[in-house]
Amino acid sequence: MSAGNKRRTVLVTGAGGALAKRVLQRLRDRYELVAVDFRRKVDTEPGIHSYLVELHKRGFEDVFAAHAIDAVIHIGRIFTHEKNRDQRYNANVLGTKRLLDLSRKYGVRQVMIHSTYFVYGASPYNPALLDEETPLKASEVTQDLVDSVELESLANIYLWKHPDLHITILRPCNLLGPGVRNSMSILLARPLVPVLIGFSPMMQFLHVEDMADAMVLAFERNQPGIYNVAPEDYVPYQQAVIECGCRRLPIPSIPPALPKGISSALNWNAFFPPYLINYFKYPVILDGRLFRETFGWKPRRNLNDIFSYYRKQKLNARPV
Amino acid sequence: MSGLDKLDFREKALARLVTPEIEQLVASIPKPVGSFGYDAWGYNEARFKVALGFAKLLYDRYFRVTTYGLEHVPAQGRALIIGNHSGQLPMDGVLVAVAMATSPHGPRLARAMIERFFPTVPWLGNFLNAIGAVIGDPVNCVKMLELEEAIIVFPEGVRGSGKPYRKRYQLQRFGNGFMHLAMSTQTPIVPVGIVGCEETMPALANLAPVAKLLGIPYLPVVPSLLPLPARVHLRFGEPMRFAPARNEAEVTQRVEQVKERVKALIDEGLHQRTSIYR
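Each protein sequence line maps, in turn, to chains A and B. To convert, note that position 218 of the first sequence is 218 in this note's numbering; the numbers rise steadily by one, no gaps. To convert, note that position 79 of the second sequence is 399 in this note's numbering; the numbers rise steadily by one, no gaps.
Read the hints as simulated data drawn from the structure, not as lab findings. Every value quoted in this text rests on a predicted model; they were computed, and no experiment measured them. Cβ coordinates follow ideal geometry from the N, Cα and C atoms, glycine included. Certain hints may be false.
Partner residues aside, some chain A positions facing chain B, computed with beta carbon under 7 Å [what the hints assert, rightly or not]: (1) Pro135; (2) Leu136; (3) Ser139; (4) Asp233; (5) Gly245.
Below 30 Å or equal to it, Euclidean Cα-Cα: the simulated BS3-like pairs (lysine-lysine) are [stated by the list, open to error]: (6) B/Lys326 x A/Lys137; (7) A/Lys298 x B/Lys351; (8) B/Lys487 x B/Lys579; (9) B/Lys487 x B/Lys532; (10) A/Lys83 x A/Lys298; (11) A/Lys260 x B/Lys532; (12) A/Lys314 x B/Lys351; (13) A/Lys21 x A/Lys6; (14) A/Lys6 x A/Lys83; (15) A/Lys97 x A/Lys83; (16) A/Lys137 x A/Lys161; (17) A/Lys314 x A/Lys298.
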């Protein structure tokens, strides 16, 4: 980049997470970076400004005031296993609203939002290859995913109402890989993993490095819209469990209240929470064609590459 | 029985079902799958082979199926196979699928549409998906046709399969859904007349109130719970192609054309049939 050309400033939320770290690393050479996280002040590379801030609290505006932010990559999210439903709603929905309002106020020209495939909801009536126009039914499945759906509808309102924000919403399938702390990754890192007797829904998995590539690509091409991000490869849940070197712990699947009760009683909130039980029973398979074709993207790591990390982790942990 | 013996027994049983012929047929089916042998709907090559091996035995030895006009099923590319539904159990779908998978004119994987309650049944839901069946959702159909797959549709649905024996070979009302699919995705329709399945499970009556209580489409009163060994005749007709219709009345008219074609294929089969069970 020539010296006269001012570098754009990008704010990245959730900077402490595995995905954001990789995105920051990829953008480092070409952009001024501001990293924020609500959990802790993240140690970043020299030259990257780092803040500990909660999106829905007042201090957040100071970040916008201090830096002339041109673009936002909103990755930070309180996972379903962190904090309670109200706190999640405040942080994820109200926090995002504040982020979008501040973006308008300070003239941000591009916003990328990291959503999740959970928004589609797992149901026995789901067809496969859901495209982006499929109704979001997660709130029908559980109250605990209302914040994910609300966050999306909020982003959608801003997407149509304020085209100058150039909003892109990405809905990835299960992200896995080193450092990823979502429920699926925590689950597959365990030696013994619950499975529902008689149910093994198809799933899609994406390596966190590939997702970081996808985000950076979509960020630089700036084609606002909603995109599923998923590979064209599929594997049943129980086989993924075996491929990751886990032993299966079969739990009764019917009546539906039973596995939920078992999960609550044993406090499996972090990896097999009662409100995600349906996702281990019925498939949510995304059609990622729009993203792949719009951005010419293809994941570089296959399912075996993804699973081998979890397999090796267990081999290393085994006592000699 | 030791673990190894058990494994050996399993291997031997599998080898009897998955013959080299089956292996070769499945290998030549134009059907892309992912790195673990699955597609987006849960179809799995390995399990399909076993199911095909078993169904082929039924096809050859039990129902002694004779097939005409298999050359009308395109060797590749999207297709809707439209037939008459009968016999309480979906044996007709299974036999049409075997005919297509073992076609000398190029084997095809036939996707079947199943009732919406199947995915909620443990094991059965996954098993049906693994052998190629999916819930009858229009989105599934469109996505599959776009991926150049062949789908079997019985437009009579449970009206056809659940009807009593006294109404045998009387076509029930055809739904219009398949015609909309065919027109919107420019898919050729291959009609098939199925003769013999009516006699596999002749129903005297339908215990509708009990069926309703159990949440199933129908509950027939039948002389035998296992399908009877009736000879089955499958007669495929020439592909029919339809341009977009102007209105629903025109769609219904075209559905009638397909229905008449299926009726004619059934009549040819009935005319040619010399015995039912022998």
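Can the restraint linking B/Lys326 and A/Lys137 be considered satisfied, given a maximum Cα separation of 30 Å?
-> violated (45 Å)
Measure nothing beyond the straight line between the CA atoms of A/Lys137 and A/Lys161; if it is 30 Å or shorter, mark the hint as holding.
-> Holds, because 23 Å separates the two Cα atoms, which is no more than 30 Å.
With a cut-off of 7 Å, does the beta carbon of A/Gly245 approach a beta carbon of chain B closely enough for the hint to hold?
-> Violated, because the Cβ-Cβ distance from A/Gly245 to chain B comes to roughly 15 Å (cut-off 7 Å).
Are the Cα atoms of A/Lys97 and A/Lys83 separated by 30 Å or less?
-> Roughly 19 Å between the alpha carbons, so the hint for A/Lys97 and A/Lys83 holds.
Do the alpha carbons of A/Lys314 and A/Lys298 lie within 30 Å of each other, as the hint requires?
-> Between A/Lys314 and A/Lys298 the Cα gap is close to 29 Å, so the pair holds against 30 Å.
Would the pair A/Lys260 and B/Lys532 pass a check requiring their Cα atoms to be no farther apart than 30 Å?
-> With Cα atoms ~28 Å apart, A/Lys260 and B/Lys532 stay inside 30 Å; holds.
Under the criterion that the straight-line Cα-Cα distance not exceed 30 Å, is the pair B/Lys487, B/Lys532 satisfied?
-> Holds: B/Lys487 and B/Lys532 sit about 22 Å apart, inside 30 Å.
For the pair we were handed, B/Lys487 and B/Lys579, check the Cα-Cα distance against 30 Å.
-> holds (16 Å)
May I ask you to test the interface hint for A/Ser139 with respect to chain B, counting a Cβ-Cβ separation under 7 Å as satisfied?
-> violated (20 Å)
With chain B as the partner, please determine if A/Leu136 meets the hint condition of a C-beta pair closer than 7 Å.
-> violated (15 Å)
Going by Cβ atoms only, is A/Pro135 closer than 7 Å to chain B?
-> At 11 Å from the nearest chain B Cβ, A/Pro135 fails the 7 Å test, so the hint is violated.
Can the hint on A/Asp233 be confirmed by a CB-to-CB distance to chain B that is less than 7 Å?
-> holds (4 Å)
The structure is inconsistent with the numbered hints 1, 2, 3, 5, 6, 10, 12 and 14, although it conforms to all the rest.
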